[in-house]
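With the sequences and hints as input, model every part of the structure.
No gaps in the numbering here: position 146 of the sequence shown is 146 in my numbering, and each next residue is one more.
Be aware that one or more of the hints could be misleading.
Listed next, the in silico EDC-like pairs over lysine to aspartate or glutamate satisfying Cα-Cα at most 20 Å (straight line) [as the list claims (entries may be wrong)]:
id, residue 1, residue 2
1, K158, E3
2, K98, D29
3, K98, E68
4, K90, D31
Label-pair restraints from in silico Cβ distances [what the hints assert, rightly or not]:
id, residue 1, residue 2, range
5, D74, D29, 23 to 33 Å
6, A19, S228, 29 to 39 Å
7, E174, D29, 44 to 54 Å
8, T2, A184, 14 to 24 Å
9, G212, D11, 18 to 28 Å
10, D100, E194, 44 to 54 Å
11, A93, L181, 22 to 32 Å
12, E62, E223, 44 to 54 Å
13, D148, Q8, 27 to 37 Å
Derived from the structure by calculation, the hints contain no laboratory data. Beta carbons: idealized from backbone N, C-alpha and C, even for Gly.
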Amino acid sequence: MTEISTAQLTDRLGAAADALAGKAAQLSDDDVRAATELPGWTRGHVLAHVANVADAVARQVEYALRGESIEFYDGGVGGRTQAIEMAAGKPAAEHQAKLDAALSRVLSALAALDAEQWKLRISYRDGTVYDGALALWRELVIHLADLDVGRGPETWSKEFCLYLIDFLAARVPEDSRLVLLPLALAPMTVGYGEDTVSVQGMLTDIAAWLAGRTPTLGSLRAEAAADSVDLPELLPWPSALKK
Numbered sequence: 001m002t003e004i005s006t007a008q009l010t011d012r013l014g015a016a017a018d019a020l021a022g023k024a025a026q027l028s029d030d031d032v033r034a035a036t037e038l039p040g041w042t043r044g045h046v047l048a049h050v051a052n053v054a055d056a057v058a059r060q061v062e063y064a065l066r067g068e069s070i071e072f073y074d075g076g077v078g079g080r081t082q083a084i085e086m087a088a089g090k091p092a093a094e095h096q097a098k099l100d101a102a103l104s105r106v107l108s109a110l111a112a113l114d115a116e117q118w119k120l121r122i123s124y125r126d127g128t129v130y131d132g133a134l135a136l137w138r139e140l141v142i143h144l145a146d147l148d149v150g151r152g153p154e155t156w157s158k159e160f161c162l163y164l165i166d167f168l169a170a171r172v173p174e175d176s177r178l179v180l181l182p183l184a185l186a187p188m189t190v191g192y193g194e195d196t197v198s199v200q201g202m203l204t205d206i207a208a209w210l211a212g213r214t215p216t217l218g219s220l221r222a223e224a225a226a227d228s229v230d231l232p233e234l235l236p237w238p239s240a241l242k243k
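This is the structure in structure tokens:
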């Protein structure tokens, strides 16, 4: 797919942040305590996680500008889990305040970058500031869908879906090859194995499935050797803590 420019990415991040913050502001304390489709997570867990990711990306940028490197989450995976659990049960107003502050911090940090600073190295997946900003875009859009507030995967843009499919190609097992057949769009192939499965359906459903989310339009059909088959098993989501 065509690479998203830093100006475009900044614009997409602002829109995604506004959408998430706007929906989060409408949640009551009871809403925040409600379960999501993510195993063991309430909406409070989702909100706490997104705020922590926004702060983590901001910190990556701030350290990179000083020529320094720092881990994405304090304490690694264990620290990430502990921080989410400690914050998940807070009232809606506290979640909103934390989310607003974190989003303001990261968007301000990214907006101040010049062209060369976007290329600075960060510890996140041994990548660059640009990679960290893409990660934030993923988190904002996907976790808004996880909140189940009327902005599910069916609302994802074509641009976001194509980007997400490219990123999540890493979930295709080594021995598999997926021929993706989004309706009204050109076929796409991900993976290099010999076991070929074709997956047909709406682009948003394909992207949602690859992201481990429910394809809300129910359009997906899988075939192998001209026979209908179940959707194939995928590898875990690419880790934020290693490349």
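Enumerated hints in conflict with the structure, sorted upward: 3, 11
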